[in-house]
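A.B. asks: Based on these hints, arrange chain B on the given structure of chain A.
Chains as they are written, first to last, in the numbering used here: chain A, 1 to 591; chain B, 1 to 591.
Errors might be hidden in some of the hints.
When chains are identical, the list treats them as one kind, so a pair holds in a single copy or across two.
[To be verified] Only pairs whose alpha carbons sit at most 35 Å apart, straight line, appear in this in silico DSBU-like list of lysine-lysine:
{"#": "1", "residue 1": "K138", "residue 2": "K436"}
{"#": "2", "residue 1": "K324", "residue 2": "K223"}
{"#": "3", "residue 1": "K293", "residue 2": "K455"}
{"#": "4", "residue 1": "K135", "residue 2": "K378"}
{"#": "5", "residue 1": "K496", "residue 2": "K138"}
{"#": "6", "residue 1": "K496", "residue 2": "K520"}
{"#": "7", "residue 1": "K572", "residue 2": "K10"}
{"#": "8", "residue 1": "K293", "residue 2": "K135"}
{"#": "9", "residue 1": "K433", "residue 2": "K324"}
{"#": "10", "residue 1": "K436", "residue 2": "K496"}
{"#": "11", "residue 1": "K520", "residue 2": "K560"}
{"#": "12", "residue 1": "K304", "residue 2": "K135"}
{"#": "13", "residue 1": "K470", "residue 2": "K496"}
{"#": "14", "residue 1": "K470", "residue 2": "K520"}
{"#": "15", "residue 1": "K233", "residue 2": "K304"}
Since the hints were made in silico from the structure, they are not lab data.
2 protein chains.
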Amino acid sequence: MEEINLSEIKSPADIRKMSLPELTQLAAEMRSTLLEKLSAHGGHIGPNLGMIEAVIALHYVFDTPEDKIIFDVSHQTYPHKMLTGRMQAFTDPAHYDDVTGYTNPSESEYDLYSLGHTSSAVALAAGLAKARDFKGGKENVIAVIGDGSLSGGVAFEGLDYGATLGSNFIVVVNDNQMSIAENHGGIYADLRLLRNTNGTAEPNLFRAMGYAYRYVNYGNDLKNLIEMFRSVKDINYPVVVHINTMKGMGLPVAEANKEEFHYNGPFDLKTGAPLHEESPKDEPEDYSDLFAKGMLRRMKENDKVVTITAATPGVLGFDKARRKEAGKQFIDVGIAEQSAVDVASGLAKGGLRPVVGFVSSFLQRAYDQFSQDIALNKQAATFVVFYGSMFGMNDETHLGFFDIALLSNIPNLLYLAPTCKEEFEAMLDWSVKQDKLAVVVRTPGSVAVSNSEVKLLNDYSTPEYDVVRKGENVALIGAGLMFGIMTQAADLLAQKGVNVTLINPRNLSTLDAKTLDDLKAYSLVITAEDGIIDGGYGQKVASYLGEAPVKVLNLGLPKKFLNRYSYSELQKACGLTPEQIGQTVLSTIDK
Amino acid sequence: MEEINLSEIKSPADIRKMSLPELTQLAAEMRSTLLEKLSAHGGHIGPNLGMIEAVIALHYVFDTPEDKIIFDVSHQTYPHKMLTGRMQAFTDPAHYDDVTGYTNPSESEYDLYSLGHTSSAVALAAGLAKARDFKGGKENVIAVIGDGSLSGGVAFEGLDYGATLGSNFIVVVNDNQMSIAENHGGIYADLRLLRNTNGTAEPNLFRAMGYAYRYVNYGNDLKNLIEMFRSVKDINYPVVVHINTMKGMGLPVAEANKEEFHYNGPFDLKTGAPLHEESPKDEPEDYSDLFAKGMLRRMKENDKVVTITAATPGVLGFDKARRKEAGKQFIDVGIAEQSAVDVASGLAKGGLRPVVGFVSSFLQRAYDQFSQDIALNKQAATFVVFYGSMFGMNDETHLGFFDIALLSNIPNLLYLAPTCKEEFEAMLDWSVKQDKLAVVVRTPGSVAVSNSEVKLLNDYSTPEYDVVRKGENVALIGAGLMFGIMTQAADLLAQKGVNVTLINPRNLSTLDAKTLDDLKAYSLVITAEDGIIDGGYGQKVASYLGEAPVKVLNLGLPKKFLNRYSYSELQKACGLTPEQIGQTVLSTIDK
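If we strip away everything but chain A, and leave its shape as in the complex, we get (with noise of 0.2 Å):
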């Protein structure tokens, strides 16, 4: 058969012309590229390399853009980008960039939406169901979510809601046997049990909140999904597809190491190691690795303590090694951060010292389990915020700038912000020392910092500032990561002749009174902090020094969803360079 020429493929119309043999020579095609440019640039490897034969079915037989396509965190979307208008991000590099890693719908009337966060897809395309049923719609309504993403309790609620549709409404259960790691919950011995069983088992997951059910085992053979999604297109009630997929497929090394191809950065094609290799000293130390070495010494010391992810061990620093050194004593709930919040209390309930790691932008799942199960109801757990930070994940559906606002808020719960990874780590012995807190210890950045002169507390339960230095009519309050640049910021001061007090608030939930009060008679206190200003800690200083005279500035980001951002240029236009702060500081008391 002759090539195919990628580049000729503009829109799913292109591909509805093929022959099977075409479409597979498509698939092949798709393949080799999407794993130059993986190879050469990282991203989401394994859930794309699974998708390509599902994802040119599913174009080959609906109608798309008419018939829509929700695809649940997206990050499996590659090949659906390639087929719909974006192929040279694929196979041109100085192009690789033009596309983000999830669905987008500024870039295609083919995106939906713009998702990262996982198990929302069901719920939304019911929605979008409803509104077809309302104006009399023909076309077809199909969610696409991977079995990792079924244990998120929001997936649950889109499929109960979804099957009361009574009309066409498809759910493809992308099934490749794992999550991000290997999956925990008991739906998967259910998706275990129909696998083995050809789909003809009982009982039925699907079946039971009341779907038809379809099940294809060979999901990356295109004549059966053909067939397959030819035989649901146009029903008229809700039906899930169960197509049992490969991760990874086509890249050996990612087939055989499924969690360390979940998402990579570049690696050789043929041994799959990674480029541009440093010794393992040249690697800069990172909160993830040091809060797993941490936790495995806590554990040790105390086998009360466990550790609990929802689905995320990597971003713990749980690699497979140490969780099956943890053993028992590290938990995985699944993607259901609801659950790991109440698991960890039960768990502390009954005597343990849970502690939960979270990526700063996935914790937002779980307030109200925050709120009530854990605050309000005065449960000693502890959770740790990863990029929770302008310099962690910049994609807009990832942003770390929102966990202060979101957790200092609540009531009981102490939000502590260390500097550095001295004060990271006596944070954390602390809190897994004491039964009586609910506290939250936010990593600063990614990038481990060390302050061997940092002042450490034997107890963090009340607020009390640090005063690293004692100037005078200017204080400089530096939260967590911030605190470097404010040192900085002192420093540059120093040099210009003014001597400013620098300040470490050390906990972002409760102010320390005593402290601010001496600052009433400053003439500037600026506080900065990694995360929005609205509804921040710098906010909360303002307030409470709104009666004094003392002006206040509070530095951190604006309250926007901010996409694919330079780090550089965000902290800049946010005046939060050392040299700027320095000038802030220099044009205010010049006033």
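C.D. replies: Just chain B, lined up with the frame of chain A:
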């Protein structure tokens, strides 16, 4: 048989000596005692009447408090309280208010959590069971959850995790075939199928999730319940015990009108008619009623408008008759706040005009969906917050103080605080007509207030404060319900010759910089909001004005979980009476 002296029942040990006839007699006496209290006092009627036998059987069979029971929502725990040392609060009218309406660890060691939000008990109990396993304990761990609560995503997450425990874990599903109103969702067809087949049918949702399964068809029959609970006591794997109970049992009017008698005020035991009956014209108009009337009108005017609830239609003023009138334009997604927001997002994406009504405290479940699926994706849906007020619900599990801090700090989400019913209607009218913005509208308290002089806008998309009175030197900014109080304070001050500027900010999510700039030369600005100060509206104002010489004072509520507080005492403690505000102004400008 002799009568049982309920007052002699001090703990479950006292009922474990009883014969079955005695237990039956006990149930009858508890029911008549409960009916007496409920008819005089009000409360959760149907849920408790339906659970008397199950609660007796649980405490009879299991060795509480060593065996642990977590009741979901816990508004069905009046019988539990009667058996666990708190009988007097049910037999003696003078002590009716000695107990809260929910489990409460400060009342009794038999109460493990203070719970009032649904669907969390399974995950909490799973954590507790896991802690037991760690410690080598042998006690039974039991979660009791209603069929309605099963639709909440966290219930599913908890079931999913609990199934993996591999040890004693007993989930009692109390199926009374009702949520607060009727159930909605695909799982309810399966529950019906199970009831209709005496628990024998497949598919079986619980088996599909990895549980052994038992069914009790007569869930108000003590003998059946005791036998079943005995059969699962000390079981060494996870099991669901599905019991079929009758909501409202023993009160014919409640059996026949399950929704009306889910929760009710005092009523006539014979007729079910409300006591202290008022003529309709004497009843104060409330925002639930206003909302429903307004939405019925809007839905008639535009068939693209739909109203959505997550299982609390009554809060939205939609009783059965109004739901019928609204027809398919009224959607109930079940107790599933996440799905309510996502379905609204899908509906908006599909071109409809969804309006979702939430109890302030319950919307906490959906923060991530507000952020990601509504705000980030700019879907024009409208959300109405009920009971978001210090004058609303005052149980610690149902506080309405937190939603301003929670929602007003989300980018792209317009948070509007009307001050009276005219403004409430105008904001809603505008919101359902526009298709650009996601909008939150907060009802200003429960009882509707009228202000015929309020200045209405045709467009609320950009912040535009209403400077209602122009004074000098001092500005009072009153958000939502607090505007009325600030107006009274301004009147008091005017009587004393102090003419202040009085502002209705309307918009709590974005500041009106122009109006605030005019205040920089003032000597005092006071903000007042009906929510916690931390993370709220006033702190934004304090931050904005932080560099100006003007003093800023933020009034509102402390960041605390308060329980069954007195409205007037709290108002006074917060300095929020008109007199106090006037006094604050006078003493500040005097300085």
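A.B. asks: Next, verify each hint and record whether it holds.
C.D. replies: Hints versus structure:
{"no.": "1", "hint": "K138 / K436", "result": "between (57 Å within a copy, 26 Å between copies)"}
{"no.": "2", "hint": "K324 / K223", "result": "neither (41 Å within a copy, 47 Å between copies)"}
{"no.": "3", "hint": "K293 / K455", "result": "within (22 Å within a copy, 61 Å between copies)"}
{"no.": "4", "hint": "K135 / K378", "result": "between (49 Å within a copy, 21 Å between copies)"}
{"no.": "5", "hint": "K496 / K138", "result": "neither (71 Å within a copy, 69 Å between copies)"}
{"no.": "6", "hint": "K496 / K520", "result": "both (24 Å within a copy, 31 Å between copies)"}
{"no.": "7", "hint": "K572 / K10", "result": "neither (39 Å within a copy, 67 Å between copies)"}
{"no.": "8", "hint": "K293 / K135", "result": "between (57 Å within a copy, 24 Å between copies)"}
{"no.": "9", "hint": "K433 / K324", "result": "within (24 Å within a copy, 57 Å between copies)"}
{"no.": "10", "hint": "K436 / K496", "result": "neither (46 Å within a copy, 50 Å between copies)"}
{"no.": "11", "hint": "K520 / K560", "result": "both (31 Å within a copy, 26 Å between copies)"}
{"no.": "12", "hint": "K304 / K135", "result": "between (57 Å within a copy, 8 Å between copies)"}
{"no.": "13", "hint": "K470 / K496", "result": "within (16 Å within a copy, 46 Å between copies)"}
{"no.": "14", "hint": "K470 / K520", "result": "both (15 Å within a copy, 30 Å between copies)"}
{"no.": "15", "hint": "K233 / K304", "result": "between (53 Å within a copy, 26 Å between copies)"}
The structure fails hints 2, 5, 7 and 10 (numbered hints given earlier, in ascending order).
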